[in-house]
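Participant: Position chain R against the provided structure of chain Y, taking the given hints into account.
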Amino acid sequence: MSKNSLVSISDYSKEEILSILDSAANFEANPNRKTLDGKVIATLFFEPSTRTRLSFETAVIRLGGSIIGFSDAATSSSSKGETLNDTIHMVSCYADAIVMRHPLEGAARYASEVSPVPIINAGDGANQHPSQTLLDMYSILKTQGTLENLNICLVGDLKYGRTVHSLIMAMSYFNPTFKFIAPEELKMPDEYKIFCKKNGIKYTEETELTGNFNDADILYMTRVQRERFQDLMEYERVKNVYTLKKEMLENSKPNLRILHPLPRVTEIDPNVDTSEKAYYFQQAQNGLYIRQAIVSKVLNQQ
Amino acid sequence: MEKKLKVAALRDGTVIDHIPSDKLFKVVQILHLDTCDNQITLANNLESKKIGSKGLVKIADRALEEDETNKIALIAPNAKINIIKDFEVVEKRPLILPEEIREIVQCGNPNCITNHQPVTTRFKVMKNEEELMLKCIYCEREVKRDQAKIR
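Protein sequences appear in the order of chains Y and R.
Read in order, the letters of the first sequence correspond to residues 1157 to 1458 in our numbering.
Read in order, the letters of the second sequence correspond to residues 2 to 152 in our numbering.
Simulated from the structure, these hints should not be mistaken for lab results.
There may be inaccurate statements among the hints.
BS3-like, lysine-lysine: derived pairs with alpha carbons at most 25 Å apart [claimed, not checked]:
1. Y:K1170 / R:K136
2. R:K136 / Y:K1354
3. Y:K1433 / Y:K1335
4. R:K128 / Y:K1349
5. Y:K1358 / R:K128
6. Y:K1315 / R:K136
7. Y:K1170 / Y:K1298
8. Y:K1401 / Y:K1433
9. R:K150 / R:K125
10. Y:K1159 / R:K125
11. R:K128 / Y:K1170
12. Y:K1170 / Y:K1349
13. Y:K1315 / R:K128
14. R:K136 / Y:K1349
15. Y:K1315 / R:K125
16. Y:K1298 / Y:K1335
17. R:K125 / Y:K1354
18. R:K27 / R:K81
19. Y:K1315 / R:K150
In isolation and in its complexed conformation, chain Y is listed as follows:
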């Protein structure tokens, strides 16, 4: 079992998070290096995720490393019934580290237990996606100049959205104030509210998205998914209520930035894209530097 794996954001201390963000800034200044020369990284995507896979693969290639792997379980030996344990053992014979996306929750933790090489979790079902959380934090740090004492407004699917759950955990080190804006059906689960109370984090809850984020530094939007609703009429109503429009930004703070893990559907009106407050595409680009920092850390090649 490798100790260097990154499975869950809670595996990293505050210091480790800050050191990753610092390292990402270095990679942003100079993304093309040969520090992974001769290293082979496997990307095992048991479930397709083009964005995350391309981002990890670009990160490795820009550092001079090579990539092996698959982008769909149908083309891998798991379709013949091979256990995850066997696949991981086989791949670890060839690769120095494994980046894995898997549809089952807990798959990454299990892989990290049986693997002799480090595992980087690129998403395990609805559970964890730590590189997304770190790139969100890097985007917050870059746009606000600090992580401390920020007003962060989380909007949309707060019930199933794993990115917002992980973000709450990771930001808990930096004294944030949260506002949760979600429809009744998709409210923040109690366990995260208990977590906030335990850690002395202030939060408020609202059910409508209007201009009610004027004191926010970060507006973190998520996608409201049709399949989460039992009542499709309700979905239609919510979908229209939860659309961020440019005019809602009129009285917002000048330093406000809008984040979104993407893909976006209707929750951000395209006319918001031209606002200087829209940051979601740069946010995706920040993912490259964060993933360079993560791969370098797990391979001790910083």
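Facilitator: For chain R alone, kept in the frame of chain Y given last:
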């Protein structure tokens, strides 16, 4: 009232008493008594002043280890465990819920890796606002102790 032993006395071994009746066979299961070769006496639906109806297990010539008896803490926290030597109780064993529970609990999340691959389940025992919770080490979902599914 007539007071009579319904179960024969034990010379050496382990007695587990005050098991809620509906938990008796769960106890048998998690202690793997179905494959144990020692003499075993089971009794169930006995009258109990404390819990109404109780079950009882006697295992001859075997003193259970602490990590075995602690598994019982999960499903029958108020059971009484006595280790017997020469008809005397030599140890009243307190039940302590271990920090980590392996194998005996099944994760309630149908999308958890442990429900799809040959993985031994592991749960961390945690306290959440005075309530004992089990957290799956793999999928990180939490379940209340009394709602945990025993395999």
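Participant: Okay, which hints does this one fail, numbers in order?
Facilitator: none
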